[in-house]
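Peer 1: Below are the chains, spelled out letter by letter.
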Amino acid sequence: MDGGDEGVVVAPMGDESMCSNGGAVDDPRRPPASSGKAAAGGGEQMDLEAYVALYTGRTRVSRLLFIAERCGNEGMQLEALRMAHDEIKKGEDSHLYREVIAKIGGRLGPLYALDQTWVDMVDRRAEARKEKLENELNSYKTNLIKESIRMGFNDLADFFYAHGQLGDAFKNFVRTRDYCTSSKHISQMCLNVILVGIELGQFMHVSNYVSKAEQAPEQVDPVTHSKLRCAAGLAYLETKKYKLAARKFLETGPELGNNYTDVIAQQDVATYGGLCALASFDRTELKNKVIDNINFRNFLELVPEVRELINDFYASRYASCLEYLENLKPNLLLDIHLHDHVETLYTDIRHKAIIQYTHPFISVDLHTMAGAFKTSVAGLEKELEALITDDKIQARIDSHNKILYARHADQRNATFQRVLQTGVEFERDVRAMLMRANLIKQESILRAARKL
Amino acid sequence: MAPVRMESVQAVVAHIQALSGSHEEVADLHSLLKQSEGALRSRAARLGPFLHQLDPSAHTLGYLFLLEAYSSRPISREQDEKFLPFIAGFINSCSAEQIRLAPEKFISVCKSFKDQVMQLQVPIQGITPLRTAIRKLQTSSEQLTTLHSDYLLLCLLAKFYKAGLSILDDDIFEVDQPRDHFLYCYYGGMINIGLKRFRKALECLHNVVTAPMDALSVIAVEAYKKYILVSLILNGQVPPFPKYTSSTAQRNLKRHTQPYIDLANCYATGTFSELEACIQTNLEKFQSDSNVGLVKQVLSSLYKHNIQRLTQTYLTLSLQDIANAAQLKTPNDAEMHVLQMIQDGEISASINQKDGMASFYEDPEQYKTCGMIGPIDSFIQRLMELSKKLSSLDEQISCDLAHLTRIRKELPRLD
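One line per chain: the protein sequences are S and X, in this order. Position one of the first sequence corresponds to residue 1 (full-length UniProt numbering), numbered consecutively onward. Position one of the second sequence corresponds to residue 1 (full-length UniProt numbering), numbered consecutively onward.
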C-alpha cells in the first residue's frame with residue numbers, strides 16, 4: 001500500500017477532489033482516531049484508510065465491501081475494493097477473494113486480476129488443515145478430555161471463520177459450550193458466538209448469548225463487560241429499540257479501548273450511543289446519562305462532532321446541531337450497522353428538537369423558527385402539522401400570520417366531552433350486550449327444546 | 001268436546017258469535033277453532049260471505065281464524081284490490097287481547113297482506129296497517145316480532161324512511177327468532193342510512209355483524225359491506241372486530257367482502273386519486289351490491305375528513321392551502337366545502353373572503369347552559385335504567401338452572 005499502489009488508485013479517479021486524500025492517514029495534524037468519522041465539509045468524502053485503520057479482522061473487509069456497494073461513486077468504490085483486496089490477500093478466504101475480484105472486474109489493472117495460483121494454494125492448504133484439525137478433534141473425543149475437545153472445536157471454528165465459512169464457524173463455537181468448565185471459558189465462548197453472530201447479521205443469537213454471558217456467576221472482567229455492552233447495543237439497534245441501544249452504549253466502559261476493533265471502534269460507540277440517545281431520551285435523561293456521564297465523555301472526545309451536536313441540542317442551538325447532523329449523514333449512511341437507521345434516527349431527533357423548541361412558548365413566530373431549523377416556513381408548517389396530528393405538540397397554526405399558538409386544553413370542556421362520549425359508548429355497548437345475551441338465551445332454549 | 005263437530009261453516013260462525021264474551025268463553029272458542037281448522041281450510045274459497053256476519057272487534061279470534069284460512073288460498077288480482085282494505089280494516093279494529101291468543105295466525109294474515117301489497121307494488125298502503133299490527137301484537141315495546149322486519153321492508157320499498165323510525169327508536173331486547181333480529185337490524189341500518197343518521201345506522205349494522213351466529217348468513221355479509229362503508233363515511237376508518245364477535249364472522253366476513261376491504265385500505269392512505277381508481281376497478285361489484293350511492297358518499301367524505309383534520313391543526317389557513325391539503329381542485333371548491341360543513345355544524349369556522357382565509361374555532365359549546373344540563377340529566381337517567389336492566393339480567397342468569405348445572409359441570413375442569 002505504498003507508492004506503487006497509489007499510482008493505480010489515482011488514475012481512475014481522474015480529477016476528483018479525493019486524490020489528495022490518499023496519504024491523509026499520515027497527516028500529523030489530524031489524529032487518525034477522529035479523522036475516521038470526520039467530514040469537515042458537506043461534500044468531502046470519508047477518508048477510507050483512516051476509517052479502516054480503526055478496525056481489525058473480518059469486519060475491515062466487510063465494511064470496505066459495504067462502502068464499495070453503497071457509495072455510488074466509482075473512484076471511492078474502486079479504492080474500497082482495492083483495499084479490501086489487499087486485506088483479503090493477507091487472509092485465507094478464497095471465496096471472498098473471488099467475489100472481490102469479480103467486483104473489481106479488471107478495473108484496477110493487472111495487479112488486481114484473479115490470482116489462480118494463490119487461490120489454489122490457499123484451497124489446498126485449507127483442505128489439509130481441515131483434515132488435520134478434524135483428526136485431532138476426533139482423537140480428543142475418544143480420549144474424553146474436556147479441555148482438549150473444547151480447544152479442538154475452537155480451532156476448527158477459528159479455521160472456518162478464517163475461511164469465511166461463518167455458518168460452520170458458528171456451529172463449532174456453539175458446540176464448545178458443553179465442554180466449558182470455567183466462567184472464563186463461558187464468556188470466551190459467548191464472545192466468539194457473538195462475533196460470528198454479528199458477522200452473520202443474526203442479532204437474535206447475539207442478544208441471546210449476551211444475556212448468557214451476563215448470567216455467569218463470577219464477575220466478568222471489565223473488558224469483556226464492555227464488549228458485551230457493545231454487542232447488546234448493536235443487537236438492540238438492529239431491532240430498532242433505540243432507547244435500549246442507547247442505554248447499552250452509554251454503559252460501555254472506557255476499558256473497551258481498542259480491544260474490540262474486530263467488531264466496533266470506540267468512535268462508533270460514541271456515534272451510535274449519541275444518536276440513539278438524542279432520538280430517544282428526554283432532556284433530563286440526556287443531561288444525566290450522556291452529558292454528565294464521565295465514562296461516555298471519553299468516547300465522545302474521540303468524535304468531537306457528535307459531542308458538539310449533543311451539546312448544541314441540549315443548549316437548544318438547533319441550527320448548528322442539525323448542521324452537524326447533516327454533515328455526518330453521508331458517512332453514517334456508509335456505516336455497516338447504522339445505515340438502515342440513519343433516516344429514522346434523524347427524523348426522531350428533528351421531531352424532538354421541534355417539540356422541545358415549541359414547548360416553552362405560548363406563541364411562536366414561524367419565520368424565526370424556520371430560521372432556527374434552517375428550513376422554509378412552508379416546510380416547517382408541514383412538519384408541525386404532522387406533529388400536531390400525531391398529538392405530539394399541543395398547538396395550532398395561524399397560517400395567515402404565520403404564528404404557532406400553544407393550545408391549552410380546557411380541562412372542564414374536555415372532561416365534559418369525554419364523559420358524554422363515554423356515556424354514548426356505554427349506552428351503545430350495553431344495549432348491544434343485552435341484545436346478544438337475549439339472542440344466546442333464545443338459542444339455548446331452542447336447542448334445549450330440540451333435544452327434548 | 002265430542003259434540004262439537006263442526007259440520008258446516010255456519011255452525012262455526014254461530015259458535016263464534018256465542019262464545020266471544022268473557023275470557024273463559026274465548027279460551028273455549030280457541031280450542032274449538034283449533035279443531036275445526038282443517039274444515040275451514042277446505043272451504044276457504046267460500047268463507048268470504050261468512051266474514052261479513054262477524055264483527056272484527058268483538059269476534060276477533062274467530063274472525064282471525066276465518067280470515068287466515070280465507071287468505072291462505074290463492075287469490076286473483078281483482079280480488080286483491082278489495083281484499084287489502086278488508087284486512088286493513090280488520091287490523092285496525094281487532095282486539096289486541098284476542099289476537100295474542102293466536103299470534104301465529106295473526107302473523108300469517110299480516111304476511112299475506114304484506115305479500116299482496118308488494119305484489120301490487122303499493123308498499124305505502126301497507127305501512128299504517130302493519131304498524132298498528134305490530135303495536136297490537138307486542139306485549140311490550142321491547143319485544144321484537146316477526147312483523148318488525150316486514151314493516152321496515154315496506155318502509156324501505158316505499159322510500160318512506162321516517163315511518164320506520166317510530167319502530168326503530170324503541171329499544172328492543174326480547175327476540176324470539178334470531179333471523180328476525182338479523183333482518184330487523186339490517187333493514188333498520190338501511191333506513192337510517194336513507195335518513196343519513198349514520199351513527200344509528202352503524203349501531204344497527206354493528207348489531208348484525210357482532211350477533212352470535214353459527215353459520216355465516218347472506219344478511220351478515222351484506223350488513224358488513226354496508227358497515228364498512230358507513231364506518232368510512234362517519235369515522236374515516238373501519239374498526240377491528242370487537243372480541244365478542246362470533247368466530248364465524250371474524251373468520252369469514254372479510255373473505256366475502258374483499259372489494260370493500262380494499263376500499264377501506266385505500267381510504268386510509270388519504271389520497272383522492274387512489275381512492276377513485278380503487279372505486280373504478282371495483283365498480284361492477286359495488287353496482288351489483290347496489291351500494292354505489294354509499295360508495296360515492298365515501299368518496300366525498302374523504303374531503304370532509306381531510307378538512308376536519310385541518311381544523312385540529314390550524315387556526316387560520318388560506319383557501320388555497322385547504323384546497324391543496326384536501327386535494328380539491330380550486331380554492332372555490334374548498335370554499336364551498338368549508339361552507340357546507342359549517343352549515344352542517346361539522347366544523348366551527350368562518351371564511352374571510354377578502355384575504356381568502358378560513359379561520360377555525362374551537363368547539364364553542366361550553367357546557368354551561370341549562371339547555372345542556374337537561375339532555376345530560378335525561379341521559380344519566382337513561383343509563384341508570386340500562387344498568388338496572390343489566391344487573392337484573394345478570395341476576396337472572398346467575399339463578400338460571402341450566403346455567404348453574406353447566407357451571408357445575410365445568411368447575412372440576414377449571415380446578
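Hints may contain errors.
In silico PhoX-like links for lysine-lysine, alpha-carbon gap of 20 angstroms or less [stated by the list, open to error]: (1) K441/S / K409/X; (2) K243/X / K196/X; (3) K289/S / K241/S; (4) K402/S / K388/X; (5) K441/S / K389/X; (6) K136/X / K159/X; (7) K382/S / K402/S; (8) K254/X / K243/X; (9) K441/S / K111/X; (10) K196/X / K296/X; (11) K171/S / K132/S.
Quick caveat, the hints were computed from the structure, so don't treat them as lab data.
Peer 1: Each of the hints needs a verdict: does it hold here or not?
Peer 2: Hints, one by one, checked against the model:
no.	hint	result
1	K441/S / K409/X	19 angstroms, holds
2	K243/X / K196/X	28 angstroms, violated
3	K289/S / K241/S	17 angstroms, holds
4	K402/S / K388/X	54 angstroms, violated
5	K441/S / K389/X	16 angstroms, holds
6	K136/X / K159/X	24 angstroms, violated
7	K382/S / K402/S	12 angstroms, holds
8	K254/X / K243/X	15 angstroms, holds
9	K441/S / K111/X	27 angstroms, violated
10	K196/X / K296/X	14 angstroms, holds
11	K171/S / K132/S	19 angstroms, holds
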